[in-house]
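*Asks:* Top line first, the protein sequences correspond to chains A and B.
The first sequence begins at 37 in the numbering used here and counts up one residue at a time.
The second sequence begins at 1285 in the numbering used here and counts up one residue at a time.
Simulated from the structure, these hints should not be mistaken for laboratory data.
C-beta: ideal position from N, C-alpha, C; glycine also.
One or more of the hints may lead you astray.
[What the hints assert, rightly or not] Simulated restraints on C-beta separations:
(1) Q127(A) to N1523(B): 54 to 64 Å
(2) T1439(B) to Q127(A): 51 to 61 Å
(3) Q70(A) to S1428(B): 39 to 49 Å
[Unchecked claim] Stretch by stretch, here's where chain B covers chain A in the computed footprint (C-beta under 8 Å, at least three residues):
(4) 62-71
(5) 164-173
For reference, the chains in residue letters:
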Amino acid sequence: MPKTQTDPSGVLPFPKELPPLPDNGTELYDSIMQMVEPELVSKELPKVRERLKAEKPEEVKAHARRYMEAFSTFNQIMKQSEKAMHKEIKQFVHTAYASLEQTTNAMDAEKITQLEETFAEQKAVKQKTPEEIMREADKAPDPNIK
Amino acid sequence: MIFPFITQRSGICEPRMLRFMGAGGPETGAERSVEPTERHGQTLDRIDQMIGDNMRKLDGIDTLVAENVDLLAQRVEDLGKQAKEGAGKTVQRTQEFLFQRVQHASDTVHMLIQETLDVDREGRQNIAERRTVNITDPRVLQLSEDGLSLSKMSTRLHEMMGRKLDEKNATGDALDASLEDQEGTGRSVTWQKTEGGLAVAKQEGGTEQASQPEKEKYVPSPSAEKSMGDLVLAMKQANSEVAADKKVDGPAAFQALSQEFHGMKPEQQDAFVVWVNEQIGNEPYKAGKDNLSGTLRFDRTA
């Protein structure tokens, strides 16, 4: 499960690892079947025939029924499992984009501040000092002014 | 996000808007599912059916007959095989889904870095009299780090999916080869195939002569044509060239095209870009292949 909590600095961390998903079908099958019926995990499947043959005839049916029910339970878990994995992926993606959005928001804010500062500098009118005004008054009049 | 709302008219940062709309938070459409739900559970339903059949037949089986025990064992083994196959398909679908999302996020990071660099470059040119651009924005470094993480994840996923993809490709190649044998042609046209290459022109006199290599040409699939049509319409609506009364999902179309692009060979990608630009026509956009990330990108030209 990707981390979604913010760190102490308030920055949402970008997920550094993939959500924990099974590498392949066998791994997923075994992880579920281990909980449901350990005799049916992939390593044990080839031994099913020997097991049933070693049973007393009256026990075989019950054993086979147990296996069928195990597969039925497996199926139900499997359906939920895919949804759960997709939910994890969505959570992972959401965290990644939330972190990116936070970064871009900070960048946007910074750029806007810079722009505002630039505009403020351009708008600022420099006030003339009394000395400057007096100096301008002492100058000869501009010949172009009638 | 400030930019997307400003830029809808001005055109700046449109790629960012496009990407965040496709996969951002809930307010930007992240909950829109692209899961392959149509195939969801087909194998599992088949197993359920088999279990039901077996349960019904179980009572009628006489276990004193050794052959029947064999039959039962066979059915359990078959169910085990089917269940493993179901698990395999589930994992494959999940990995493909994740891979697609990671790729999309990776493209977004790349686009953000590019956007930041562009803004920095423009700013420096305008304000600081065209000095050499230097990447000093710490957030660009942060984004680069995020992008690197995604690349690593993508590589790992690719490795995980590699075996299955190889099997798929081998099956596809075998199928193409058999089709070619049946058709007696040197090529087949599928949605992803391109025409061209070193063509062998048959002369009237019956002799074959190698002609000049033709440029690859992309043959669009119906889905690609539809996505492209949607995207062009979205572009026109964005530029107020047509009324926005027809609802069109531009980001989804872009995503679909990106996905197709991603699965192509480099020469096919070039042909694809040419085709996309033909479809864009006079709209102020240009499609291109990002050589750094190997992704499809659209740039605004005006």
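*Asks:* The structure should be examined with respect to each hint, and the outcome stated for every one.
*Replies:* Each hint, compared with the structure:
With their beta carbons about 37 Å apart, Q127(A) and N1523(B) fall outside the hinted range of 54 to 64 Å. A C-beta distance of roughly 22 Å is found between T1439(B) and Q127(A), which places it outside the suggested range of 51 to 61 Å. Checked against the hint of 39 to 49 Å, the pair Q70(A) and S1428(B) passes, with Cβ atoms roughly 42 Å apart. As drawn, the region 62-71 of chain A meets chain B at 6 residues by the rule of a beta-carbon pair under 8 Å; at three or more, the given contact holds.
For a cut-off of 8 Å, the count of residues in the region 164-173 of chain A with a CB near a CB of chain B stands at 0, and the three-residue condition is violated.
Of the numbered hints given earlier, the model fails hints 1, 2, 5; all others are met.
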